[in-house]
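Chains as they are written, first to last, in UniProt numbering: chain P, 1 to 203; chain R, 1 to 203.
Hints are not guaranteed to be accurate.
One copy or any two copies: either way a pair holds, since identical chains are not told apart in the list.
[Unchecked claim] With a straight-line Cα cutoff of 20 Å, these simulated SDA-like cross-link-like pairs (lysine to any residue) come out:
(1) K139 x F49
(2) K60 x Q137
(3) K148 x A2
(4) K45 x Q116
(5) K60 x G146
(6) K60 x N140
(7) K114 x K184
(8) K60 x Y97
(9) K198 x S46
(10) K184 x P200
(11) K119 x L203
(12) K60 x Q110
(13) K45 x F129
(14) K174 x L203
(15) K119 x Y35
(16) K120 x K174
(17) K44 x F144
For the record, the hints were derived by calculation from the structure and aren't laboratory data.
What you are looking at is a predicted structure, and each value in this text was computed from that prediction instead of being measured.
2 protein chains.
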Amino acid sequence: MARKLHYFDTNGIAESVRYMLHYAKQKFEDVRYDYQSWPVEQVKKSLPFGQLPLYEEGSKSLYQSVAIARYIGAVHNLIPADIWEQAQLDAIVLSVYDFWSKVIAYVTEQDIVKKQELKKEIFGELIDFYFSRFENQLKNNKGFFGGKLSWADFVFVGIIEAVNLRLGEQIESKYPHVAALVEKIRNLPGVKEYIVSKKPYVL
Amino acid sequence: MARKLHYFDTNGIAESVRYMLHYAKQKFEDVRYDYQSWPVEQVKKSLPFGQLPLYEEGSKSLYQSVAIARYIGAVHNLIPADIWEQAQLDAIVLSVYDFWSKVIAYVTEQDIVKKQELKKEIFGELIDFYFSRFENQLKNNKGFFGGKLSWADFVFVGIIEAVNLRLGEQIESKYPHVAALVEKIRNLPGVKEYIVSKKPYVL
């Protein structure tokens with residue numbers, strides 16, 4: 001059964017899925033679209049809600065990056081069996097996405113005054129608000145959300161890298177447990193080789 | 001074990017959880033905060049990311065409305081066993097939340113010109129973009145997302161009611177399968193009695 005992941009040629013909200021698939025040694029076609037020439041109308045129209053990523057298994061398809069990442073995590077044993085523990089990881093991932101949506105709001109803001117306000121909020125408040133909490137979670141759970149490597153760790157690191165690319169920062173640098181998790185994920189077998197093999201992302 | 005749901009005294013992003021708990025005949029304490037006097041600093045500080053809802057079971061707590069709703073769904077047999085089918089419902093719920101976040105962006109916008117633009121986008125494009133797709137999904141799946149009553153149906157109806165309250169509309173009225181699902185959920189045993197028993201929500 002052919003597996004395909006459709007996304008832009010950047011990290012964004014799909015790099016965690018690529019990382020998990022490489023870590024799991026799962027063969028898949030990594031279909032990439034040039035962001036500059038998006039939307040490709042024919043592709044966009046074929047997407048359930050007009051958005052990438054899209055993941056395919058044979059003739060079946062799945063959309064929404066969190067749904068795809070969770071599914072890939074479930075297939076490859078990167079999710080706990082207990083539903084309460086699963087829910088705790090869901091909450092982490094959704095909080096990571098809350099932070100991501102604020103970064104995207106800043107990056108895409110056209111109004112210069114408003115953009116300046118959002119920048120101040122992100123750098124003056126939000127990064128520390130979110131990352132001090134993530135740091136604490138990791139510190140209290142042996143360096144992984146939930147105490148053991150899971151899809152939530154992959155999503156978290158994928159979003160950090162996407163934020164770093166867009167902000168020109170290394171937002172994890174002041175949070176040692178976060179920084180350690182980024183390094184751990186980037187050095188996992190499969191992930192490490194994939195990172196070496198690809199061109200660096202540019203904006 | 002005491003169960004508590006903490007949220008504002010409105011439908012918002014937690015009414016679906018209340019509906020599911022009532023439908024499942026699960027006893028819980030429905031703790032409600034007055035939106036007008038929010039933030040109550042003592043409560044806000046105690047929340048993992050400063051946000052409601054919070055769900056408690058004994059001494060354990062869970063945050064993020066989607067994580068809570070999915071968990072309650074899993075406990076009460078409102079989720080399919082198959083992980084691919086689970087993921088399809090996750091994608092629906094996340095798309096419902098994408099729509100919700102656009103409505104909230106409009107409702108909370110302070111700039112009059114920008115607010116007018118967002119209003120035009122919601123009423124001129126987004127409602128039909130999303131709801132024609134939801135309508136098709138329901139039509140092709142016996143009236144329920146995934147073909148059988150699940151947590152996704154509850155979340156969908158909960159968000160529709162929250163949007164209707166904020167927009168002063170009945171956005172489901174042009175989409176017969178959506179409207180039918182709203183009626184079905186509102187008339188489920190447990191949900192029906194709960195709706196009758198509570199005061200109508202006001203903004």
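Going down the list of hints, with the structure as the test:
| no. | hint | verdict |
| --- | --- | --- |
| 1 | K139 x F49 | between (38 Å within a copy, 17 Å between copies) |
| 2 | K60 x Q137 | between (36 Å within a copy, 15 Å between copies) |
| 3 | K148 x A2 | neither (30 Å within a copy, 28 Å between copies) |
| 4 | K45 x Q116 | neither (35 Å within a copy, 27 Å between copies) |
| 5 | K60 x G146 | between (31 Å within a copy, 14 Å between copies) |
| 6 | K60 x N140 | between (39 Å within a copy, 15 Å between copies) |
| 7 | K114 x K184 | neither (37 Å within a copy, 43 Å between copies) |
| 8 | K60 x Y97 | neither (26 Å within a copy, 23 Å between copies) |
| 9 | K198 x S46 | neither (28 Å within a copy, 43 Å between copies) |
| 10 | K184 x P200 | within (19 Å within a copy, 51 Å between copies) |
| 11 | K119 x L203 | within (18 Å within a copy, 31 Å between copies) |
| 12 | K60 x Q110 | neither (38 Å within a copy, 43 Å between copies) |
| 13 | K45 x F129 | between (38 Å within a copy, 12 Å between copies) |
| 14 | K174 x L203 | neither (24 Å within a copy, 42 Å between copies) |
| 15 | K119 x Y35 | neither (24 Å within a copy, 28 Å between copies) |
| 16 | K120 x K174 | within (18 Å within a copy, 43 Å between copies) |
| 17 | K44 x F144 | neither (36 Å within a copy, 26 Å between copies) |
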